[in-house]
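Visitor: Sequence:
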Amino acid sequence: MTYGIIKNRGFTIFEKKLPVTQGQLIAQLMDNTRDLVHFYSSKIEEEHWMTRPEMNGVQMNSTLWTMAHLAWAQNFLILKGCSARDLGRDWMELFAIRKEMPADEHVPAISEIRLALDDIHKAAVEVVSALSEEELAEPNNLDAKFKRGNTKLQIISHHLRHEGCHIGHLGWLAKTFGAKTV
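Take 242 as the starting number for the sequence shown in this note's numbering and just add one per residue.
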C-alpha cells in the first residue's frame with residue numbers, strides 16, 4: 242500500500258493511498274464531500290426531518306427533502322450523466338429539481354433514503370474512479386451544458402458544487418434545531 246502526504250491549510254494529512262488518476266482524485270473529493278452530508282444530517286434528530294422552517298416568510302426545504310434530493314441528484318448527474326447505470330428508486334422523481342415536498346403518503350422512510358444515498362454514492366464513486374482523462378473530456382450522457390462545457394468532468398464538477406450548497410442548507414437546519422455543529 243502506498244502512503245502519501247497531503248498538505249492542507251498548514252496541516253499534514255496522511256492518506257492511505259494517493260490517487261493516481263484524475264478520476265480517482267475526483268472520486269475521493271466526492272467521498273469527502275459526502276462525509277459532510279452525513280456529518281450534518283446526523284446532527285438532526287429524525288423527529289425534525291419533516292420540519293420545514295420558515296425564514297422571512299419563505300418556507301425552506303426539510304432535511305428529508307434535501308437528503309432525498311441529494312440521492313436523486315447523484316443518481317441523475319453521476320450515474321446517468323457519466324455511465325449507463327441507474328439506481329433510482331420509485332420515489333426519487335418526487336425529489337427532482339424544482340419539486341415541492343410530496344404528500345406524506347408518498348414520502349419514503351428515512352432508512353430507505355439513507356440506503357439509497359449509500360448505494361448510489363458507492364456506485365458513483367466506482368464510476369468516477371474508473372473514468373480516464375479522455376472519458377472525463379467526453380460529452381456527458383445528459384447533454385447538460387455548463388459555463389465551461391458539457392463534458393463529464395463538468396457534470397461531476399456541478400454535482401460537487403450542488404452537494405456543497407445543500408451541505409450548507411443541512412448545516413443551517415442542524416443549527417435551527419439546536420444542534421452543535423462546531
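Simulated from the structure, these hints should not be mistaken for lab results. Watch out, some of these pointers could steer you wrong.
Said to hold, decoys possible - Okay, derived cross-link-like pairs now, EDC-like style, lysine to aspartate or glutamate, Cα gap no bigger than 20 Å in a straight line:
no.: 1; residue 1: K386; residue 2: E374
no.: 2; residue 1: K421; residue 2: E353
no.: 3; residue 1: K421; residue 2: E286
no.: 4; residue 1: K340; residue 2: E404
no.: 5; residue 1: K321; residue 2: D359
no.: 6; residue 1: K321; residue 2: E374
no.: 7; residue 1: K388; residue 2: E404
no.: 8; residue 1: K363; residue 2: E287
no.: 9; residue 1: K321; residue 2: D331
no.: 10; residue 1: K416; residue 2: D276
no.: 11; residue 1: K321; residue 2: E287
no.: 12; residue 1: K363; residue 2: D345
no.: 13; residue 1: K340; residue 2: E286
no.: 14; residue 1: K386; residue 2: E376
no.: 15; residue 1: K386; residue 2: E404
no.: 16; residue 1: K416; residue 2: D272
no.: 17; residue 1: K321; residue 2: D360
no.: 18; residue 1: K416; residue 2: E404
no.: 19; residue 1: K363; residue 2: E346
no.: 20; residue 1: K284; residue 2: E334
no.: 21; residue 1: K321; residue 2: E288
no.: 22; residue 1: K363; residue 2: D276
no.: 23; residue 1: K416; residue 2: E379
no.: 24; residue 1: K321; residue 2: E286
no.: 25; residue 1: K421; residue 2: D360
no.: 26; residue 1: K416; residue 2: D327
no.: 27; residue 1: K363; residue 2: E341
no.: 28; residue 1: K363; residue 2: E353
no.: 29; residue 1: K363; residue 2: D272
no.: 30; residue 1: K321; residue 2: E379
no.: 31; residue 1: K421; residue 2: D331
no.: 32; residue 1: K416; residue 2: E287
no.: 33; residue 1: K284; residue 2: D327
no.: 34; residue 1: K421; residue 2: E287
no.: 35; residue 1: K321; residue 2: E334
no.: 36; residue 1: K421; residue 2: E288
no.: 37; residue 1: K416; residue 2: E286
As the list claims (entries may be wrong) - Computed spacing ranges between beta-carbons, pair by pair:
no.: 38; residue 1: A337; residue 2: R389; range: 20 to 28 Å
no.: 39; residue 1: A325; residue 2: D272; range: 42 to 50 Å
no.: 40; residue 1: T292; residue 2: R389; range: 19 to 27 Å
The C-beta atom is built at its ideal place from N, Cα and C for all residues, glycine as well.
Visitor: Given the hint that K363 pairs with D276, test it: the Cα-Cα distance must not exceed 20 Å.
Guide: Distance of about 12 Å is within 20 Å: holds.
Visitor: When you check the alpha-carbon spacing of K321 and E286, does it fall within 20 Å?
Guide: violated, 32 Å
Visitor: What's the verdict on K416 and D272, does the C-alpha distance respect the 20 Å limit or exceed it?
Guide: Not satisfied, since the Cα-Cα distance of roughly 24 Å exceeds 20 Å.
Visitor: Does D331 sit within 20 Å of K321, going by the straight-line distance between their CA atoms?
Guide: holds, 16 Å
Visitor: Check the hint pairing K421 with E287 against an upper bound of 20 Å on the C-alpha distance.
Guide: holds, 16 Å
Visitor: So if I understand the rule, the pair passes when the alpha-carbon distance is 20 Å or less; does K363 with E341 pass?
Guide: violated, 27 Å
Visitor: Hint check: K321 vs E287, CA-CA at most 20 Å. Holds or violated?
Guide: violated, 30 Å
Visitor: Mind checking the alpha carbons of K321 and E288 for me, to see if they're no more than 20 Å apart?
Guide: violated, 33 Å
Visitor: Determine whether the Cβ-Cβ distance between A325 and D272 falls within the hinted range of 42 to 50 Å.
Guide: Violated, at about 22 Å.
Visitor: Holds or violated: K363 with D272, Cα cutoff 20 Å?
Guide: Distance of about 9 Å is within 20 Å: holds.
Visitor: Regarding the pair K284 and E334, is the alpha-carbon distance no greater than 20 Å?
Guide: violated, 26 Å
Visitor: What's the verdict on K421 and E286, does the C-alpha distance respect the 20 Å limit or exceed it?
Guide: Holds: K421 and E286 sit about 12 Å apart, inside 20 Å.
When each numbered hint is compared with the structure, violations occur for hints 2, 8, 11, 12, 13, 16, 19, 20, 21, 23, 24, 25, 26, 27, 31, 33, 39 and 40.
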